[in-house]
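Peer 1: Chains U and S, in that order, are what the protein sequence lines are. Residue 1 is where the first sequence starts when you use this note's numbering, and the numbers rise one by one after that. Residue 1001 is where the second sequence starts when you use this note's numbering, and the numbers rise one by one after that.
Since the hints were made in silico from the structure, they are not lab data. Glycine included, C-beta positions come from ideal geometry on N, C-alpha and C. Some hints could be false.
As the list claims (entries may be wrong) - Facing chain S, according to a computed beta carbon distance under 10 angstroms, are these residues of chain U, among others:
1) K42
2) E70
3) A80
4) I81
5) V100
6) I104
7) Q390
8) A412
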Amino acid sequence: MRRYIKAFAAGAAALVVLGGQAFAQTKTTVNVQYPLGFIFDKVFVTLKTEFEKQNPDITVNYLPAYKEYEDAAQTALRQAITKQLPDVALQAINLQRLFVDRKIAVDLTPFIAKEKDWQGQGFSPSMMALGTYGGKPYGLAFAVSTPIIYVNEDLVRKAGGDPANFPTTWDGIFDLAKKVNALGNDNVGLFYSWAITGNWMWQALVFSHGGTMMSADEKTVAFDKEPGKKSIELLGRMVKDVGMPDLTPEASRAAFFAGKLAIWSESTSLLRVADDGVAGKFKWRTARFPVPGPNAKLPTGGASALMFATEPAKQEAAWKFMKFITGAEGATIMVKGTGYMPPNSVPATNPAMLKDFYAEKPNHLTSLSQQPLMTAWYAFPGDNNLKIIQAIKDRLQTVIDKSTAPDAALSAMAADVTKLLPK
Amino acid sequence: MTGGRLNVVLLTAPAVLLMLVFLVGPLLCLIALSFTDYQLGAPSISFVGLANYDEMTGDDTVRISIGNTLIYVAIVVPVSVALGLGAALLIDADGSLRGFYSAAYFLPVMATLIAMAIVWGFMLDPRIGAVNFALKAFGFKPLDFLHDRKLVLFTLCGIGIWQSVGFNMVLFMAGLTAIPSELYEAAAIDGARRGGSRFALVTWPMLAPVTLFTVVITAIRAFQVFDTVQVLTDGGPNKASEVLLHTIYAEAFGYFRVGYAAALVVVFLVFILALSAIRVFVLDRGRQTS
Chain U
1 MRRYIKAFAA GAAALVVLGG QAFAQTKTTV NVQYPLGFIF DKVFVTLKTE
51 FEKQNPDITV NYLPAYKEYE DAAQTALRQA ITKQLPDVAL QAINLQRLFV
101 DRKIAVDLTP FIAKEKDWQG QGFSPSMMAL GTYGGKPYGL AFAVSTPIIY
151 VNEDLVRKAG GDPANFPTTW DGIFDLAKKV NALGNDNVGL FYSWAITGNW
201 MWQALVFSHG GTMMSADEKT VAFDKEPGKK SIELLGRMVK DVGMPDLTPE
251 ASRAAFFAGK LAIWSESTSL LRVADDGVAG KFKWRTARFP VPGPNAKLPT
301 GGASALMFAT EPAKQEAAWK FMKFITGAEG ATIMVKGTGY MPPNSVPATN
351 PAMLKDFYAE KPNHLTSLSQ QPLMTAWYAF PGDNNLKIIQ AIKDRLQTVI
401 DKSTAPDAAL SAMAADVTKL LPK
Chain S
1001 MTGGRLNVVL LTAPAVLLML VFLVGPLLCL IALSFTDYQL GAPSISFVGL
1051 ANYDEMTGDD TVRISIGNTL IYVAIVVPVS VALGLGAALL IDADGSLRGF
1101 YSAAYFLPVM ATLIAMAIVW GFMLDPRIGA VNFALKAFGF KPLDFLHDRK
1151 LVLFTLCGIG IWQSVGFNMV LFMAGLTAIP SELYEAAAID GARRGGSRFA
1201 LVTWPMLAPV TLFTVVITAI RAFQVFDTVQ VLTDGGPNKA SEVLLHTIYA
1251 EAFGYFRVGY AAALVVVFLV FILALSAIRV FVLDRGRQTS
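Can you make the complete structure from the sequences, with help from the hints?
Peer 2: Pasting the structure below:
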């Protein structure tokens, strides 16, 4: 009897092992990691469902979401050292270079070469340019954004403004914000989300005044020139004249959703989050970001998909997933679930995909109308890239908390960054 | 005789070897790294001489960070040592609930500081926190303990004190049990009957070595403050709670500037070594004279 049990157990064990192997051979798991869970979580759930329906041999597994973009880059660089990288990661467009320089991101040329009619699938040259370094494609742009202005129509009307004719200059916006402050009852006129990752809103101010972060040869700091001076002065006026409070990102979102914040300068990426947060409690709309300068530009925010997988089988599956989420179908899901614009050129013109969606959602059109102004989200050269982002943020903070005069903060910022640039 | 010497070498070899591998070796690597521009995960490394130390002298963050760390140590050490001593004396004086009180005071030491920091974060929240709820109930204005530049460092000091009092108390209680009761009897015969004079004449002098040990250990632990900063403030707002260990962490694992971080660790070690030296020299001298 005992012998039979033994034989049976061995047979069962063998079956389990064989079964496991067969299972492993037919199913490939792709590990994916993305940032900003509060924006992207729902979208990635839908993307997984749709992708797995079309690719039954691949399982998508999400690792815990990165907090924001700098955290995403820092975590992934640490993962590279401990060999725990995901197969596909979504990283900020301005930080992709870190992974290219450190040879962590995989060159996508051979995968694209195997595709039929790559451009015809909507992967236009302008989209591909967002992830190309040294002539080689590494990143597939997933979602792009520009800064816009969220307006609480009810509050603005109460303060005597006309939301339909929203001011196009900062002076006009400041006047309106002061009137909202005067309403009392904890109402806040203006919040400018200055702390957004990658100095994005600081770049928005400087670029919109026609300035740049660095000189054309990338050797010296250029944000301390005239456009930068005007920008820092505006930030100073926001806190001094307009009484802008120093809110955390969470607190500013909560204030707008609660109907207490009238004018909120933020990324277009929060449109869906705002739709959910406001939940019809009041009327709101979006307005264009003021562009005072000649040659005004706005930085292109957003994320790109990078491939970190090294085994050919994993790479093949990772490629399929990247292609899906950045392709026409994935872009449609992404746009409907966030406020980002699609880098892919197909969906916006196809009524079944996004054309009708945009007709119904005019708030999403504001950022699209700013497309001609889009320029690269600047990444500083050299190894100290991440530290420079923090150094600029630290100096901006001293203006926001009114501890330093704006012009002094700007020269200190220029000095800090100069020290950190490659010698 | 030679057999004896061989035995000495053989018997100490494992300890010496382990010390070389786990203490001296890493320390030498660290010092070597501090003279390079090594970036975590970067394929290349080059010698930059004293450039890292030079950069440190002009680095505002490092200056603020060292200043904050010293303030933190200067507050946490005396207060937590005094409270630890007070708690030990009170618990020692009353036999009945001794076990309960010593366990209660020792709980914060046993609890994971990271988890406790999260609990403190909830308690100190300006809107929903229990502390501000109590303040409002007594008619005070609510305070933003963790986001107010003027308050944040003192808030962290408070948590640091809360955490170290129990540990210091245990050290003092051990010291108290070591005081022979004959000394108190002799003091009583000589006329020192009241608590104050008993403490001044017997307890305090007899606790001197324990006190020195406690001060040094608390100071070293205070220099190492990190968990609460990382969990609650991330060094903010605007560097108001930036401390040395957090700066080192941010440089090495946030900005990947390992060379620079190594130079900072060397500075940090100088502080710790100075404290350890005080302990070794003063304590040893104290033993010889007593």
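Peer 1: Work down the list of hints and note, for each, if the structure agrees.
Peer 2: Quick rundown of the hints versus the structure:
no., hint, in the structure
1, K42, "violated, 26 angstroms"
2, E70, "holds, 8 angstroms"
3, A80, "holds, 6 angstroms"
4, I81, "holds, 5 angstroms"
5, V100, "violated, 13 angstroms"
6, I104, "holds, 8 angstroms"
7, Q390, "holds, 7 angstroms"
8, A412, "holds, 9 angstroms"
Hints 1 and 5 from the earlier list are contradicted by this structure; the remaining hints agree with it.
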